[in-house]
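Model the full assembly from the supplied sequences, consistent with the hints where possible.
Here are the chains, one letter per residue:
Number of protein chains: 2
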Amino acid sequence: MRPLFHPALKDIKPEAILYALSDPERVAIFVKLAGANSGGTCSALADLGDRVIPKSSLSNHFKVLRESGLVLSERQGVEMRNQTRCTELDERFPGLIKAILTAYGQLPGQPKTD
Amino acid sequence: MRPLFHPALKDIKPEAILYALSDPERVAIFVKLAGANSGGTCSALADLGDRVIPKSSLSNHFKVLRESGLVLSERQGVEMRNQTRCTELDERFPGLIKAILTAYGQLPGQPKTD
Chain X
1 MRPLFHPALK DIKPEAILYA LSDPERVAIF VKLAGANSGG TCSALADLGD
51 RVIPKSSLSN HFKVLRESGL VLSERQGVEM RNQTRCTELD ERFPGLIKAI
101 LTAYGQLPGQ PKTD
Chain P
1 MRPLFHPALK DIKPEAILYA LSDPERVAIF VKLAGANSGG TCSALADLGD
51 RVIPKSSLSN HFKVLRESGL VLSERQGVEM RNQTRCTELD ERFPGLIKAI
101 LTAYGQLPGQ PKTD
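Chains as they are written, first to last, in the UniProt record's numbering: chain X, 1 to 114; chain P, 1 to 114.
Where chains are identical, the list cannot tell them apart; a pair therefore holds if satisfied intra-copy or between any two copies.
Taking lysine to any residue and the SDA-like style, the derived pairs with C-alpha atoms no more than 20 Å apart in a straight line are:
1) K13 - T84
2) K10 - G105
3) K10 - T102
4) K55 - L4
5) K32 - K55
6) K10 - R66
7) K13 - K98
8) K63 - I12
9) K32 - E15
10) K98 - A16
11) K13 - G105
12) K32 - C86
13) K10 - D23
14) K32 - E88
15) K13 - P94
16) K10 - L101
17) K55 - E67
18) K10 - P24
19) K98 - E15
20) K98 - I12
21) K63 - Y19
22) K98 - C86
23) K63 - E15
24) K13 - L101
Honestly, the hints are just simulated from the structure, not real lab data.
Have a look at this one:
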C-alpha cells in the first residue's frame, strides 16, 4: 500500500493551505474534523448535514487537505483516521487558520453568517 | 468596451479570496499594489523584481484579483489603474488579508521569510 504523503511543518506552503481551503466542501470537512474529539473517519465525515459528499470526492478532498499540510491521516485497518494539524499550523502561520474559518463564518462556536 | 466586473462588498466570498491568493504571483502583484501610493498600472506591475510576468498572464491575474473582490480597476484612456480594496475587505473579513500576507512573509515592512 502506498505510504501517505504528509509535508513536514517547515515545508508547508501558504499557497497550498489557501488552495485547499478555497473549496467550501473541504472547509466543511476540515471544520467537522477540528470539532471531532477523536480522529474522524472518512465515512463519518461524508454527511455534512446539508449535503452528502460522494466517497470518491471525499477521498480526493482528504488528499488535498493532507498534502497541503492541513490534515494528518493514519490507516487503521480498513479505515483512515484523520485529525487536523491546527496546533502545528498555528505555530508556523499564526492566526491564519482562525482568520480563514472566521471569514467562512465557520469558527467552532460561531454562528454561520450566510 | 465591456464593463469591468467588481463584486459588491457583501457578495465577496472567502473562497474567491483564498483562490485568488493561492497563487504566489498574484500575491506579489497584490502586495506591490498595496504598497503603491497611487493606483498601479498593469505595465508598472509587470516587473516584480525577481521575475517579469508576461502581459497576457498579468491581465488574467488582474481579472482574478478584481473578480474575487481584492482589487478595484479603472480604465483611464489606454491604461488601467488598479488599487486594492483592503480597507473594505478588512471590514467584511477582519484580519484575513493580514494573516494571509503574514503567512507569505509579505506584509509590507516585514522581511521575506523564504
